[in-house]
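Undergrad: With chain P's structure known, arrange chain C on it following the hints.
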Amino acid sequence: MNIDAIQNGIVIDHISAGRSLRLYELLGLEKLDCSVAIIKNAHSEKRGKKDIIKIDADIPVNLDVIGYVDPGVSVNLIRDGVLVEKKTIDMPETLTNVIFCRNPRCICSTEQELNHVFKLTDRKNKVYRCLYCETKAT
Amino acid sequence: MKRSLISIQDFSVEELQELIDTANDIIARPEAYSECCRGRKLATLFFEPSTRTRLSFEAAMLELGGSVLGFSEAQSSSAAKGESVADTAKVISCYADIIAIRHPKEGAPLVAAMNATIPVINAGDGGHNHPTQTLADLLTIHREKGRLSHLTVGVCGDLKFGRTVHSLIAALSRYEDVRFVLISPEELKLPSYVKKELLRERGIPYTQTTDLEAVMPELDILYMTRVQRERFFNEEDYLRLKDSYILTPDKLANARDDLCIMHPLPRVNEISVTIDDDPRACYFKQVLYGKYMRMALILKLLKESGSL
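Protein sequences appear in the order of chains P and C. 37 is the number that the numbering used here gives to position 37 of the first sequence; each next residue is one higher, with no gaps. Quick note: to get the numbering used here, add 138 to the position in the second sequence (first position is 1).
Don't read these hints as lab results, they were simulated from the structure. Fair warning: this is a prediction, and the values are worked out from it, not measured in the lab. Errors might be hidden in some of the hints.
[Said to hold, decoys possible] Incomplete in silico selection of chain C near chain P, CB under 7 Å:
1) SER222
2) VAL223
3) ALA246
4) GLY264
5) HIS266
A virtual CB, placed ideally from N, CA and C, is assigned to each residue, including glycine.
In isolation and in its complexed conformation, chain P is listed as follows:
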C-alpha cells in the first residue's frame, strides 16, 4: 500500500500497532482540514508491526500527548519534502489538560477553569496521578 510522501508536514512514526487512533483522537486531528493518513499495522523491522500518522500540514502538535500515549514514538518534521528534524518522544513529567481527573471528590470537579494536571509518579510502570487528588490516571 502506498501513501504519497508529504512536502510540508509531520510524520508520527514508530507508533505501537493499534495506538494510532487514540493519538488521532487526543491530538484533535479530526479538526484539521488538511490530509491526514493513518497507516495501521505497517511493516516494522524492529517490532514487526507499527502505526504511522502523516499530517500534510506544518501544524503544532502536542508532544506531551504523544509521549503519554506511546513513549518512544518518532516525530519527523518535513519541509519541502526533506526531513529537517526528528525527535524521539519520551514520557512527559507533567500533562496539562490532556487527560481529565474523574474523581468526583477532586477540586478539579468544581473549581472554575482549573487546569487538569497529571504528574508522572512512576516512570517504570507509566503511572500518572492527578496533581490535586493524586488519583491514578486510567
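TA: Here is chain C on its own, set in the frame of chain P:
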C-alpha cells in the same frame, strides 16, 4: 520565599525534627513564645465543619500572640456565592499573613497555595491529606516513646478512607526500623497503591490482619481510627462496618505496659471510655501536642516566608 504545607511529605525528616524540637521548647518555655506573632494574622478558612482542628489552629496562633480571622462553614463564605478557591486565596492574602484551610474537595489546599501570596497550611482536604494531624501524631509518639524509629505500629479501623493513617504511614516509613501492622475489615483495607508506594517499594515490613487481639502483644503503638460516615456514598456499607473494632479493657489484656494508644479523634465508640484513665491512653495528649506542633509550624512558615 513562601512555603506551604500541603502534604506531610513536603517536609524532610530533618524539618520534622526541627518542628518537634520547637514544639518541645514551646512546651518547656511557653512564655518565650507568647509574643512571637504579635501583629500577625492567621486566616482559618474552613469550608466544612471542624471544631477541634479549627480551634487548635486558633489557640495556637493566640498563644503565639497573634490574631485570627476566618469562617467555619462554606455557607458563611463567598463560596456560597460561587467564588473559586483560587480567588478566595488571592483575596485572603490581602488580609492575613498565613492561611489554614479545610475543604471537602481533595486538592483544594494546593489550589489555594498556588494562588495565595502567603503560606497555606492544609487543615484537611476530604479524604486526602491532613498533615497537621500527622505532626500531632509524630510529637505524641516522640514524647511517649522517646523515638520515631524502631517501632511496631498497629493501625486499626478504616484504613481505606482514613487520611490520617495514610499520612502517618507516609511519615513514619521514612524512619529506621519501623514495622506496620494493618488491622481492618476486608472492605476497609489499606489501598493497594498506598501499600505499594509507601511500603513495598521502600522495603518497609508490614502485615495485614483482621484480628486486633492476636497482634496486640507486638505493638508499641496502637493507632485507632473512626469509620467515617462522610466518606461513604452508601449508608448501608457504613452501618455494616462502623462497629468493626471497639477497643475495650479486655482486648488490652495482652498489650504491652508501654503501649501508646492513639486516635485522631473525634471518636464515636471505637475506644471505650473506660480506657480513658488507662495510662497507655494518649489520645487526649495527642490533641494538646497538636496545638504545640501547629504553633511550631506557624512559626516555621512565617519565618521562611519572611513575615517574622
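Undergrad: State for each hint whether it applies.
TA: Hint check:
1. Interface hint status for C/SER222: upheld, as the beta-carbon distance to the closest one in chain P is roughly 5 Å, under 7 Å.
2. Nearest Cβ of chain P to the Cβ of C/VAL223: about 6 Å, under the 7 Å cut. The hint holds.
3. With a least beta-carbon distance of about 4 Å to chain P, the hint placing C/ALA246 at the interface is held under the 7 Å criterion.
4. At a threshold of 7 Å, the smallest CB-CB gap from C/GLY264 to chain P is about 5 Å, leaving the interface hint in force.
5. About 6 Å separates the beta-carbon of C/HIS266 from the nearest beta-carbon of chain P, less than 7 Å, and the hint is met.
Of the numbered hints given earlier, the model fails none.
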